[in-house]
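K.L.:
Working from the sequences, and respecting the hints, build out all of it.
Chains as they are written, first to last, in numbering that gives the first Met the number 0: chain D, 0 to 296; chain P, 0 to 294.
Think of the hints as simulated: they come from the structure by calculation, not from any bench. This one's a predicted model, so the numbers in the text were calculated from it and none came from an experiment. Certain hints may be false.
Restraint-style ranges between C-beta atoms, simulated for each label pair [as the list claims (entries may be wrong)]: (1) D/Thr121 to P/Arg178: 34 to 44 angstroms; (2) D/Pro169 to P/Gln112: 24 to 34 angstroms; (3) D/Leu77 to P/Tyr175: 38 to 48 angstroms; (4) P/Gln112 to D/Gly206: 19 to 29 angstroms; (5) P/Leu285 to D/Ile251: 45 to 55 angstroms.
Examples of chain P residues lying across from chain D (beta carbon under 8 angstroms, computed) [said to hold, decoys possible]: (6) Leu77; (7) Asp84; (8) Tyr85; (9) Thr102; (10) Val105; (11) Glu215; (12) Phe217; (13) Leu265; (14) Gly268; (15) Leu274; (16) Met279.
Built from N, CA and C at the ideal position, the CB exists for glycine as well.
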Amino acid sequence: MLQFLVDTLLRASDLALIALGLSMVYGLVKFPNIAHVQYAMFGAYVTYAMHASGVPLVLAIAISCAVTGVLTLGLHLLVFRRLLRAGPAIAMIGSLAVAMLVVAFMQGFAGSFPRMFNLPLTEPILIGEARVTATQLYFVGTTVVLLLLFAMLLFFTRTGRAMRALASNPALAAASGLNAEGITRGVAFASGAIAGLGGSMLALSTGAHINLGYDLLLPVFAAAILGGLGNPLGAVAGALLIAATETAVTNIDFGGLVGGDPLFMPVAYISAASFLILLLALLFKPYGLFDREVRRV
Amino acid sequence: MFDFLISSVTVAGIYALMALGLNLQAGYSGLLNFGHIAFAGIGAYATGIAIQSGWGGFSGAAIGVCVAMALGWCIARLGRNLASDYWGIATLAIAEILRTAATNEVWLTGGAQGISAIPSLFDGLGRPWNAMAFLALVLLAVLVFALACRRVGNGRFGRALRLMREEPQLAACMGYDLRSLKSRAIMSGAALTALAGSLYAHYMSFVGPDYMLASETFWLWTMLMIGGLGNTAGVLVGVVVVQGAYALVPFAKDYFGFSSDISGALRLGLIGFILLASLMWRSQGLVPEKVRKIA
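P.N.:
Here's what the structure looks like:
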């Protein structure tokens, strides 16, 4: 049971940071940016390159966050702002193109062979009966601290209030004299930096590889949609739910439940489980679990 | 060189059929279907499985078309009050689930190894003539379906779809059943694409889960966006441009001595770049759709 909780927490922190950034940007620009998960892949490679050239790990991650943030901001200013004038559908297709470009760039640059980090091996730490490595503990710790900081920023500061105002009613926010463009730029940078951080920390255990972004695409979108796109903390809750389902689906003995032979879900279907949750969410709660708004058709 | 040209044109023709199928949904009806390749995959797998169990290619294609239409009906019914971008992500998820299933259900699909030794259609003819005959068949199919799509697109059904895309409320007021319009657009696109998938399986004499990669759908979208959404001639122009650029990559690889990683990246980057460029500077495409104005 404890191992189940630990696994869920680890998987959730993989997804939470990236889903958070995706949801936050969606609130301001109103289109789902498919390239967002590729920023995480980009960040993972930058961290790897820095670390391999001798920069200490923490500094490497910090640099990677900054670089990814700048990339995100640059793409927002040069590409998405322009595409958004033609509507959200065009911007979404454009984000597909950007995703392909980022993947192509990284594949041409770094090759398709996965790059493992050269980290010292450490004894796993036992918590009760569950095993975790020190890296994973730092990872979860960083995620939790960042999420707390972000929640405080969102709910207790002027900037956070401005962000929420802009997300819920752009016209009114502009009429009250909020600098929409400035806030959007700030959020774009922050979302990219967080995605870079999430990707880098994920790569510490799996290595930096080309499919890192694609593998995250549907779980992250599932988390963000479950939480209601545009609701950043909802995305974190969505990530927890997705992680719990994925862990449960692979650990439950379906045969044992009906009293037959042990029968486990094949591991290859883990990702299918999160897509299935996504589909169910879209069917029954298309605006997320925390949606309170009443809509007319 | 001659063989290469023939095979490039044949593959381009098959992609043209799939792009025409996508155009019925994305172009005329404005539906963001990001899982379109699933239909082609169903067509290809139905052919492979039917031939493996000895039913022959024709019934395989027929089964593929029926299954793809059934899936299209389900997708169209899925979340009828979903906003279009949410629906797009749902279609992407469905295509990925199907691909995961195709990779893992080894008893049915052969898993990652796929199904090989699917006979080509004109093996009886000699060496250059079988490829030529297949090419002729594909080009004939493209011609027939392009004309049919244009006819449908300019007819009552196509006009209703365009009205639904531009002014859904007005279309509903005029008595069109939007859900039925959507279902019919998706199902006809699915049928055409499944047929193309079946042809592809015959041509490659192989089916594998890689046929259903999401990037294939984006490839079709690129063709549509470059050529011009909602315009049959535009779709064909887009197919020619994109496949032409794609066919040049192997020459660049030999000429500059790229590794296979770089040439793979070059292909992907090329699609991304062309797509982005056409969205930024010519979002109507090379051959824009002419929407009739009420003067």
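K.L.:
Hints first: check each against the structure and report whether it holds.
P.N.:
So, going through the hints one by one against the coordinates:
1. The hinted window of 34 to 44 angstroms between D/Thr121 and P/Arg178 is violated, with their beta carbons roughly 58 angstroms apart.
2. Between D/Pro169 and P/Gln112 the C-beta distance comes to about 52 angstroms, which lies outside the given range of 24 to 34 angstroms.
3. A C-beta distance of roughly 41 angstroms is found between D/Leu77 and P/Tyr175, which places it inside the suggested range of 38 to 48 angstroms.
4. About 26 angstroms separates the C-beta atoms of P/Gln112 and D/Gly206, a value consistent with the hinted range of 19 to 29 angstroms.
5. A hinted range of 45 to 55 angstroms for the beta carbons of P/Leu285 and D/Ile251 is consistent with their spacing of about 53 angstroms.
6. The restraint placing P/Leu77 at the interface with chain D holds, with a minimum CB-CB distance near 7 angstroms, inside the 8 angstroms limit.
7. Because the beta carbon of P/Asp84 sits about 6 angstroms from the nearest beta carbon in chain D, less than 8 angstroms, this interface hint is met.
8. Proximity of P/Tyr85 to chain D holds as hinted, the smallest CB-CB distance being about 6 angstroms (cut-off 8 angstroms).
9. The restraint placing P/Thr102 at the interface with chain D holds, with a minimum CB-CB distance near 7 angstroms, inside the 8 angstroms limit.
10. Against a cut-off of 8 angstroms between C-beta atoms, the interface hint on P/Val105 is violated, since the closest Cβ of chain D lies about 11 angstroms away.
11. With 8 angstroms as the threshold, the beta carbon of P/Glu215 stays out of range of chain D, its nearest partner Cβ sitting at about 12 angstroms, so the hint is violated.
12. Because the closest C-beta pair between P/Phe217 and chain D is about 5 angstroms apart, less than 8 angstroms, the hint holds.
13. Proximity of P/Leu265 to chain D holds as hinted, the smallest CB-CB distance being about 7 angstroms (cut-off 8 angstroms).
14. At a threshold of 8 angstroms, the smallest CB-CB gap from P/Gly268 to chain D is about 3 angstroms, leaving the interface hint in force.
15. A distance limit of 8 angstroms between C-beta atoms decides the matter here; for P/Leu274 the minimum to chain D is near 4 angstroms, and the interface restraint holds.
16. Residue-level restraint check for P/Met279 holds (minimum Cβ-Cβ distance to chain D is 6 angstroms; threshold 8 angstroms).
The structure fails hints 1, 2, 10, 11 (numbered hints given earlier, in ascending order).
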